[in-house]
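Q: Under the working numbering, the first residue of the sequence shown carries the number 25, and numbering increases by one thereafter.
Keep in mind that the hints were calculated from the coordinates and are not lab data. Where is the CB? At the ideal position from N, CA and C, for every residue including glycine. A portion of the hints provided could be inaccurate.
What follows is a set of in silico ranges between Cβ atoms, one per label pair, in the way DEER data are often shown [said to hold, decoys possible]:
hint, residue 1, residue 2, range
1, 143, 110, 43 to 49 angstroms
2, 97, 177, 26 to 32 angstroms
3, 36, 253, 52 to 58 angstroms
4, 252, 98, 54 to 60 angstroms
5, 52, 97, 26 to 32 angstroms
6, 46, 208, 37 to 43 angstroms
7, 246, 164, 31 to 37 angstroms
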Amino acid sequence: MKKVKQLQCAPVSLQDFLKEYPYEKRNIKDWKAFGNEGGQAKSELMQALDNVQQGLCAYCEIELVKQTDKGPIYDRQIEHFHPKSDMPSTVDWMFEISNLFAACRGGSQSHLFGEDSTFKDNERCLEPYDKNYSCGEAKKDDHLDHIILKPSELPDSPSLFVVSDDGRIGVDEEACRQTGVDITKTLETIKRLNLDCMRLRNARQAVWEKLNDDLAVEWERLGHDATDEDFDTLLAHQAYEMLTFEPNEPLPAFFTTIRSFLGIHAEIVLAQSDQKA
C-alpha cells in the first residue's frame, strides 16, 4: 500500500447526477440509482478514479483490469473509505470526492477467477475464498477512519510498508517513526484489510521471484569478474527501467513489492519530482 492520488473535483456527469439527487433528499438506495439511472456517470467516475490511481487498487496494488486474449476483465469497484451508509451526516460520504477510491473486488469474483472459471487466476481468487478476501471486501461497511491509514494520506517516502522475499507484508517501524505515523495504526491497516492473506502473499512472492530471476540473468552476463559495484549498477538500472513513468501512465502491479526489492535504488528514482507515484 502506497500513497495514492485523488480526484481534485467531481466529474461533470457526477455533478449532473447530484443536481437530481441532492444530499438533503438522499437515502442509501440512491447508490443503486447512481448505477442504474446514472449508469454513465458511475462508469465515468470509476474510470476517472482508475486513471488517477494509475491502474492499481488503492489498498493491495493489484491491477484493476486484467488483460486477456478475449479482452479486458474488470476487477474493480468504487470504494468508500468512510461507509457511504453513514447518513444523515454533515458530510455526503456517498459522493464526497476525498472519500472515494478505486479498489479491486478483494478476491470475491469466484465466477470470473475461481477454480472452475474461464479466467482462473489465483492472484485474484483463491480458496478458501473467505480467508482470502481483502481490501474493501475485508473492510466491509466498518467505520475504520481512526483505526487504519487512508491511502491518500500516506507519505510519498519512505514507504511505511515492507515486503519480504516470501511475499509477506509488514510495517517499517523506523519509517513510521520518521514520518510520525502511528505504528499500531499501520499494523491495523494490514490486519483490517487482510493485506497479508495467502492470495496476496503468493502474488507478491511471484513478483519478487521474477525480479530476482531477471537480476540473476543480467548478473550472469557480466561474468566472473563482476564486482559489488557492478551489482549496484544493475539494481540502479532495474529501478530506472521499472519505476520511470509518465504522470498518467499505468504503474506496475504490487508497486511496494518492487520498491522493497530494489531498496535505496527505488527511492533514488522515486525521489525525482516527476516520479512520485
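Q: None of the hints should be skipped; say for each whether it holds.
A: Hint-by-hint comparison with the structure:
1. At about 35 angstroms, the beta-carbon gap between residue 143 and residue 110 misses the expected band of 43 to 49 angstroms.
2. Checked against the given bound of 26 to 32 angstroms, the beta carbons of residue 97 and residue 177, roughly 31 angstroms apart, stay inside it.
3. The supplied range of 52 to 58 angstroms is met by residue 36 and residue 253, whose beta-carbon atoms lie about 54 angstroms from each other.
4. Distance hint for residue 252 and residue 98: a CB-CB separation of about 45 angstroms, inconsistent with the stated range 54 to 60 angstroms.
5. Roughly 29 angstroms separates the CB atoms of residue 52 and residue 97, a value that falls within the hinted 26 to 32 angstroms.
6. Restraint check, residue 46 to residue 208: a C-beta distance of roughly 39 angstroms satisfies the suggested window 37 to 43 angstroms.
7. In this structure the supplied range 31 to 37 angstroms is violated for residue 246 paired with residue 164, their Cβ-Cβ distance being about 51 angstroms.
Hint compliance for this structure: hints 1, 4, 7 are not met, and every other hint is.
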